[in-house]
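Peer 1: If you want the building blocks of each chain, they are given just below.
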Amino acid sequence: MDITKLTLSETLQALKTKQFSAVELTSAYLQKMDDNRDLNAYVLETPETALAQAKQADIRYAQGTPRALEGIPLGIKDIFCTKGIRTTSCSKIISNFIPQYESTVTAKLFNDGAVCLGKLNMDEFAMGGSNETSFFGPVVNPWQKERRLVAGGSSGGSAAAVAANLCAAATGTDTGGSIRQPAAFCGITGIKPTYGRCSRYGIMAFASSLDQAGPIAKSVEDCAILLKSMSGYDDKDSTSVNKEVPDFRTSLGQSIKGLKVGIPQEYRPQGLNEEIAAQWDKGIEILRNAGAEIVNISLPHTKYALATYYIIAPAEASSNLARYDGLRYGIRVDGTHLDDMYINSRTEGFGREVKRRIMIGTYVLSAGYYDAYYRKAQKVRRLIRDDFIKAFEKCDVILTPTAPTPAFAIGDKEVLKNPINMWLNDVFTVSVNLAGLPAMSLPVGLSHDGLPLGLQLIAPAFDEQTIFKTAAVLEKEAKFERLK
Amino acid sequence: MILQGKTGNWEIICGLEIHCQIISKSKIFSSASTEFGVDANQNVSFVDAGMPGQLPVLNEECVRQAVKTGLGLRAEINKYSEFSRKNYFYADLPQGYQITQFVHPIVGEGVVTVDLDDGTTKDIRIERMHIEQDAGKSIHDMSPSKSFIDLNRAGVGLMEIVTKPDFSAPEEAGAFLKKLRSILRYLGTCDGNMNEGSMRCDVNVSVRPEGSHELRTRCEMKNVNSVKFVMQAIESEAKRHIEVYESGGTVEQETRQFDPVSGQTKVMRKKEFAHDYRYFPEPDLPPLVLNDEYIEKIRCDLPELPDAKKERFIKTMGLTKYDAAIICENREVAEFFEKAAAGHDGKKVANWLMGDFFAMLNRKNLSVENSPVSAENLGLLVELIESNVISGKVGKEVFEIMSETGENPQKIVEEKGLKQVSDLGAIEAIIDKVIAANPDNLNAYRNGKTALKGWFVGQVLKESRGKANPQLVNKILDEKLA
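Read top to bottom, the protein sequences are chains Z and R.
Numbering-wise, the first sequence is residues 15 to 498 according to this note's numbering.
Numbering-wise, the second sequence is residues -7 to 474 according to this note's numbering.
Just so you know, these hints were derived from the structure itself, not from any lab.
A virtual CB, placed ideally from N, CA and C, is assigned to each residue, including glycine.
Don't take every hint at face value.
What the hints assert, rightly or not - Far from chain Z, some chain R residues (derived; all Cβ distances over 12 Å):
1. Y82
2. N217
3. E244
4. D276
As the list claims (entries may be wrong) - Below 16 Å or equal to it, Euclidean Cα-Cα: the simulated EDC-like pairs (lysine to aspartate or glutamate) are:
5. Z/K46 <-> Z/E59
6. R/K138 <-> Z/D353
7. R/K459 <-> R/E389
8. R/K214 <-> R/D251
9. R/K170 <-> R/D299
10. Z/K250 <-> R/E52
11. R/K138 <-> Z/E59
12. R/K138 <-> Z/E495
13. R/K156 <-> R/D194
14. R/K220 <-> R/E235
15. R/K220 <-> R/E163
16. Z/K19 <-> Z/D348
With the sequences and hints as input, model every part of the structure.
Peer 2: Below is the structure:
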């Protein structure tokens, strides 16, 4: 039996019943990682740390004191600062950075007994939708490897590693779809929780008002287990919310009879990919058959979401990335004056997409443009949030596609021709971040050429339970088969 | 103040922006210590160093200090305020932005009453006060080719107080800074030391023809670091503007620097090179919302402020306006005075305090808090003199001993036998003895050389070793010499 193919919950069960040891499990994953270097999912492997943690886990099991994630091998997106372990956000500018502190989310996971296999590839500073902006190169989608498709982004390494069983589960972050879109592209499950559910402490900031951490995993249940562990108020992050974290697993298997599922008309534009529309209809059918009531809703400001997102996110990024100046850490390229040193270091250290967004962000915050761009975007953001509040008066949960296309080829000329093409991939996901809501992507079927397609469930703030309840029904009935 | 130019009279319009370091144990957005005088880069947290993934957390103590200061400035406290980022690149600004308050400051309009030298007062209006983080320090003089950065100050809380352009003379600005410093020290929210940089002043100056209401271009002088320099900067900058206008030129909006050596200002940054700070709301911090209960609690705990204390000392302790102003400028002095004066003659205690007592502190280079003479003992000393137990002259001797030993004046008087002699018999005996010993002088006196009376008084006091009550000596001598 290939024990790396088990879900996280199955693995926990097996460890508890001593079907294999944590060290055996970690070794199996390390072997898998070794065999799949061509996917470029990991940018740093930490086998010594992993085996040491696994040994400790075995002691815990032997003593009968295992914690919630005892011995579970995880991959960590390289945006989470890990104490003593190089963390780069896959950017050249801090390609040599070793944090002296641990992010709150990873600290919680490791305190619950998780094992760190290594750091996962991602788009540079989480800016991208295909993992092609990574300083360490693109991640290859494990589905039809030979076609060299993208794994999605920005959490491309996380999604590919989970899909290819290079870890039991992974952490991701989602600013405009960075957990959900790669999860959809790789046929696995990922949830972006409500803004404020997880601490952002120790996560390298892209757009502070949008960034959220979340799990990427092999099943809905795995996401529930991990999210419970990752969530909770943190006094080191003033935007984290002091709300009790429910045991999300209790929502699984609950009936959805009478549940009102909203279908937003704006998410079915002219020319929507037919296969994706068909998967959406399939999802609607499953939920209807399970007793849910399907209601048509409207999110009228959806068409402004992308423009709004691509003003607010770059604005915050332009400020958040100012600290990477070559002065205190990261790479430095000297110059004759301080300003030259800044320019040289940042020119050398940042990739094209990051530079593009810094420039956009700087522009929209500039005197004379602030009102026309940033302030207006903030107003529209409020309208988008209000759209959801109104919609949730009519329904309990919203079902949409996750992405407008399946995975595309690495270096796809059509996509790369214009950066806007890449941004269009976020069309179904960004509204959720602007509104601060929880949303999950889970796989429901395959395209005609065998690529996974995902659906997205959106719930009101802090109602992740409704997502889990609904997702569990979809998962059970869709019978999607993970990559074997 | 009216300045005379070649073409006519000009008036000054001036406003100040004062950065005041908040007194707090830790920095405004991190837990690093604010202790002064430690080695470079000792008080630096990951947040202060701008490390990736680090987040600011607002220090509640700084909020309390800001509210306290706002109340001390008789200002409106804004129950809703917001933090913003001010973006610019500099080596001592690790995050690449300063967290400050822009559109919604924590404190709104207020007023400070200043005392002018001619005995009048003037109300200076406060425009706003906001809180923000300080930057670190760049040190350029340690190496010919390198700059060094000390981040100890990076992230220390600041209050920026902005006045309305209410100053029409340098003296008013000087009086305002002294009053502001006094208020801040009373409140314990800022130590007000301009020479150490814990209070820093930016000065905005423009001029206009006397009687006109126009507002002309202003220039800002950054970081002027003493009251005297602020006053000089205002005057020299105003004169420069007048010269420019009178020679047909225009004043350009620019940032200037005051040079204390030349007493002149020079250009630092032209308007076209002004930074675009790209302010936007700080997404890492939620808006700061205060409730009435919080503000009222702070209001209840406010100390009595200098103006109120001054009024009270004038009304209830018999001080002159002048004495009260001096004594109340410093909270510790005022409290010392009040303790010393308890149960005694306030005016007399004030005289002693401002005379021998301050002279002694000056000589010993001590502050009132570590004076060897306690407030209670100073009061007792004044009481001993007032009730004629000792003479004023012996009082000065006793005070000298007190400043060395810190002892109780009563004890000193007892032990040294300095008690004034008011026993008529005893004084008569001394006088008789002196007269008997000096028959020639007695004759001379009786023959009209009455100026010798003073000599006799001196002899008697000397004989009594200064203890004879001078009034009695005079009275009895008059009788005996006649």
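Peer 1: Indicate, hint by hint, whether the structure satisfies it.
Peer 2: Going through the hints against the structure:
{"no.": "1", "hint": "Y82", "in the structure": "8 Å, violated"}
{"no.": "2", "hint": "N217", "in the structure": "24 Å, holds"}
{"no.": "3", "hint": "E244", "in the structure": "19 Å, holds"}
{"no.": "4", "hint": "D276", "in the structure": "5 Å, violated"}
{"no.": "5", "hint": "Z/K46 <-> Z/E59", "in the structure": "12 Å, holds"}
{"no.": "6", "hint": "R/K138 <-> Z/D353", "in the structure": "14 Å, holds"}
{"no.": "7", "hint": "R/K459 <-> R/E389", "in the structure": "12 Å, holds"}
{"no.": "8", "hint": "R/K214 <-> R/D251", "in the structure": "11 Å, holds"}
{"no.": "9", "hint": "R/K170 <-> R/D299", "in the structure": "13 Å, holds"}
{"no.": "10", "hint": "Z/K250 <-> R/E52", "in the structure": "14 Å, holds"}
{"no.": "11", "hint": "R/K138 <-> Z/E59", "in the structure": "38 Å, violated"}
{"no.": "12", "hint": "R/K138 <-> Z/E495", "in the structure": "61 Å, violated"}
{"no.": "13", "hint": "R/K156 <-> R/D194", "in the structure": "13 Å, holds"}
{"no.": "14", "hint": "R/K220 <-> R/E235", "in the structure": "23 Å, violated"}
{"no.": "15", "hint": "R/K220 <-> R/E163", "in the structure": "9 Å, holds"}
{"no.": "16", "hint": "Z/K19 <-> Z/D348", "in the structure": "49 Å, violated"}
Hint compliance for this structure: hints 1, 4, 11, 12, 14, 16 are not met, and every other hint is.
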